[in-house]
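Undergrad: The listed protein sequences derive, respectively, from chains A and B.
Position in the first sequence counted from 1, then plus 90, gives you the numbering used here.
Position in the second sequence counted from 1, then plus 90, gives you the numbering used here.
Treat the hints with care, since some could be wrong.
When chains are identical, the list treats them as one kind, so a pair holds in a single copy or across two.
[Unchecked claim] Calculated pairs, BS3-like style, for lysine-lysine (alpha carbon to alpha carbon, straight line, at most 27 Å):
#1 Lys-259 to Lys-119
#2 Lys-259 to Lys-291
#3 Lys-136 to Lys-152
#4 Lys-113 to Lys-152
#5 Lys-348 to Lys-171
#6 Lys-348 to Lys-203
#7 Lys-291 to Lys-191
#8 Lys-261 to Lys-329
#9 Lys-329 to Lys-352
#10 Lys-291 to Lys-358
#11 Lys-165 to Lys-361
#12 Lys-172 to Lys-358
#13 Lys-259 to Lys-352
#14 Lys-358 to Lys-329
#15 Lys-291 to Lys-152
#16 Lys-191 to Lys-113
#17 Lys-119 to Lys-361
#18 Lys-119 to Lys-172
#19 Lys-261 to Lys-291
It should be emphasised that the hints constitute simulated quantities derived from the structure, not laboratory data.
This structure is a prediction, so every number in the text was calculated from the model and none was measured.
There are 2 protein chains.
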Amino acid sequence: MQFGTVCIIGPGLIGGSIGLGLKKRNLAKTIIGVGHRIVSLEKATKMHAIDIGLLNSDEAVKDADIVILATSVNKIIDTAKKIIPLMKRNAILTDVGSTKKYIVEQISHNLRKDITFVGAHPIAGSEQRGVEFASADLFEGCTCIITPVGNHTDEVETIAHLWRLLGAKIKYLTPEQHDEILAFVSHLPHLVASGLINAIKEEYLVCGASGLRDTTRVASGDPELWVDIFCQNRENVIKSIDRFIAELGGFRNDLLNKNDAKILDRLKNAKLSRDSVFHNNSTNK
Amino acid sequence: MQFGTVCIIGPGLIGGSIGLGLKKRNLAKTIIGVGHRIVSLEKATKMHAIDIGLLNSDEAVKDADIVILATSVNKIIDTAKKIIPLMKRNAILTDVGSTKKYIVEQISHNLRKDITFVGAHPIAGSEQRGVEFASADLFEGCTCIITPVGNHTDEVETIAHLWRLLGAKIKYLTPEQHDEILAFVSHLPHLVASGLINAIKEEYLVCGASGLRDTTRVASGDPELWVDIFCQNRENVIKSIDRFIAELGGFRNDLLNKNDAKILDRLKNAKLSRDSVFHNNSTNK
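Kindly produce the complete structure, drawing on both the sequences and the hints.
TA: Next up, the structure:
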């Protein structure tokens, strides 16, 4: 019960998994879910991801000790602005957005003195959306990046503690560091997956096997959600594209110049780096 | 028993799976495996992927009705040249190589009049190698491309029939068509996966989650094997890189020019195309 009343705005895949994780570990007194579709709130309630579902955030946030913004990134800032005036004294506001600089800037700018905002981003999820894919253990073993600003150490520690209890490893970064790193490890791979599909003629795609399927899996993610992520991290994403095109250009030159030893080096280097990070390599054959 | 004595040169992941598939369905009288490592031949024999394992191909091919070249692509041509003079009259020679134009050209050039070569490529496999990963059902539902040249309809039909019995769907293409298509659906994705890893700083990689893991899975494949595939399909791979860089450049321009509607279109288009091909989307969450 240590986190008191928790309000999850947007109990979908991520928000719903937080709810399930808190319930499973008995960490919250009450979990209030706020959504804009009755059917989703019903699902979330039936799954016990939330105790109560409300369509309006005004009522929902006023007694909450922690409010978690778990909507898509384009709605986080507007929702925050709307609820901050209504929040309980000394409550903590946090989020799970995939970008941090813009969100942290905008929310900090609109914050009340007695409310702390702790930007967070659990690096988990899938190309699927909706509470039906939520799981109490979604965050087990994942990294949760927390981007504290200022000196609210107790509140930052509360949110870090919550994520640790849900199974995540904590990494503290500045919002700027977060956005640069995520451009490379998440936004670029997404863009590359979509670009790969678009670069292949439709009639060729049917010859693709598990390699193509996995390389492009994230391209089945929600376009509306991803366009907002790209736009909130525009400069870093452009920078990552440039770095990647330079690498591809190197490959191309080595191929053109029949520098096969250099190509082998590139492949070996990639394998070595990847194998050192993803030990538990593959669930697909 | 309809395929008589089958000789599999290189009973690894693919060759071993052919052996297991033929045995399971009782389609061959004897399966002879040829390898250069005793330990692999022992494994293949114990798994019943082959009946006998031999280190030397000379003895192995002389009674075979069908010889299947299942080595890595760089050894297929040399092996073919070596065994063609020793093969039984009217036997069929086939392969499973990931490139076709160069292999078909070179083998056709060195063929005996009474031997038919049927180029084939089952589009299956993984980043893993070795007979220990072989499975009797590896080809269930996969596409096997067959690249006939000339008029040997009976022999082509025999090999197509073999693949159909192993569960594959047959697609007939010219060697040139095969190599162009595979450059896009297999070789480019591999190169992109390796390039992605190389474009990301080592210290950033640890922040990667399942999206990055899956997008780059194939980069854990064997570098020696893949460098040969790239080199045997050089021009098509370069062409596919150019097409892909153009697509990425388009994305980059739209980002730079804040043409967010266009980015949304690109993402929607990719999702639509991908979802129409890979229905059974993901085994990973």
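Undergrad: Hints first: check each against the structure and report whether it holds.
TA: Results for each hint:
In the homo-oligomer, the alpha carbons of Lys-259 and Lys-119 lie at most 27 Å apart inside one protomer (24 Å), although the nearest pairing across protomers, at 56 Å, exceeds that limit. Proximity of Lys-259 to Lys-291 under the C-alpha cut-off of 27 Å is restricted to the inter-copy arrangement: shortest distance 20 Å between copies versus 41 Å within a copy. Taking the shortest alpha-carbon separations for Lys-136 and Lys-152, only the intra-copy value of 24 Å comes in at or below 27 Å, while the best inter-copy value is 68 Å. Taking identical chains as interchangeable, the C-alpha atoms of Lys-113 and Lys-152 lie at most 27 Å apart only when both belong to the same chain, with a minimum of 21 Å there against 69 Å between chains.
In this assembly of identical chains, the alpha carbons of Lys-348 and Lys-171 lie at most 27 Å apart only when taken from different copies (25 Å versus 58 Å within one copy). Proximity of Lys-348 and Lys-203 under a CA criterion of 27 Å is satisfied in neither setting, with 63 Å inside one chain copy and 35 Å between copies. When the C-alpha separation of Lys-291 and Lys-191 is checked against a cutoff of 27 Å, the pair qualifies only between copies, where the shortest distance is 21 Å, while the shortest distance within a copy is 37 Å. In this homomeric assembly, Lys-261 and Lys-329 come within 27 Å of each other (Cα to Cα) only inside a single copy, at 23 Å, whereas the closest approach across copies is 41 Å.
Taking CA atoms no more than 27 Å apart as the test, Lys-329 paired with Lys-352 passes in both settings, with 25 Å inside one copy and 19 Å between copies. For a Cα distance limit of 27 Å, the shortest separation of Lys-291 from Lys-358 across copies, 16 Å, qualifies, whereas the shortest one inside one copy, 30 Å, does not. Taking the shortest Cα distances, Lys-165 and Lys-361 sit within 27 Å of each other only across copies (22 Å), while inside one copy they are farther apart (39 Å). When the C-alpha separation of Lys-172 and Lys-358 is checked against a cutoff of 27 Å, the pair qualifies neither within a copy, at 52 Å, nor between copies, at 31 Å.
When the C-alpha separation of Lys-259 and Lys-352 is checked against a cutoff of 27 Å, the pair qualifies neither within a copy, at 37 Å, nor between copies, at 37 Å. Proximity of Lys-358 to Lys-329 under the C-alpha cut-off of 27 Å is found in both arrangements, the shortest distances being 25 Å within a copy and 23 Å between copies. When the C-alpha separation of Lys-291 and Lys-152 is checked against a cutoff of 27 Å, the pair qualifies neither within a copy, at 53 Å, nor between copies, at 44 Å. Taking the shortest Cα distances, Lys-191 and Lys-113 never come within 27 Å of each other, neither inside one copy (31 Å) nor across copies (60 Å).
Neither within a single protomer nor between protomers do Lys-119 and Lys-361 lie at most 27 Å apart by alpha-carbon distance, with minima of 47 Å and 40 Å respectively. For a Cα distance limit of 27 Å, the shortest separation of Lys-119 from Lys-172 inside one copy, 24 Å, qualifies, whereas the shortest one across copies, 76 Å, does not. Taking the shortest alpha-carbon separations for Lys-261 and Lys-291, only the inter-copy value of 17 Å comes in at or below 27 Å, while the best intra-copy value is 41 Å.
Hint compliance for this structure: hints 6, 12, 13, 15, 16, 17 are broken, all remaining hints hold.
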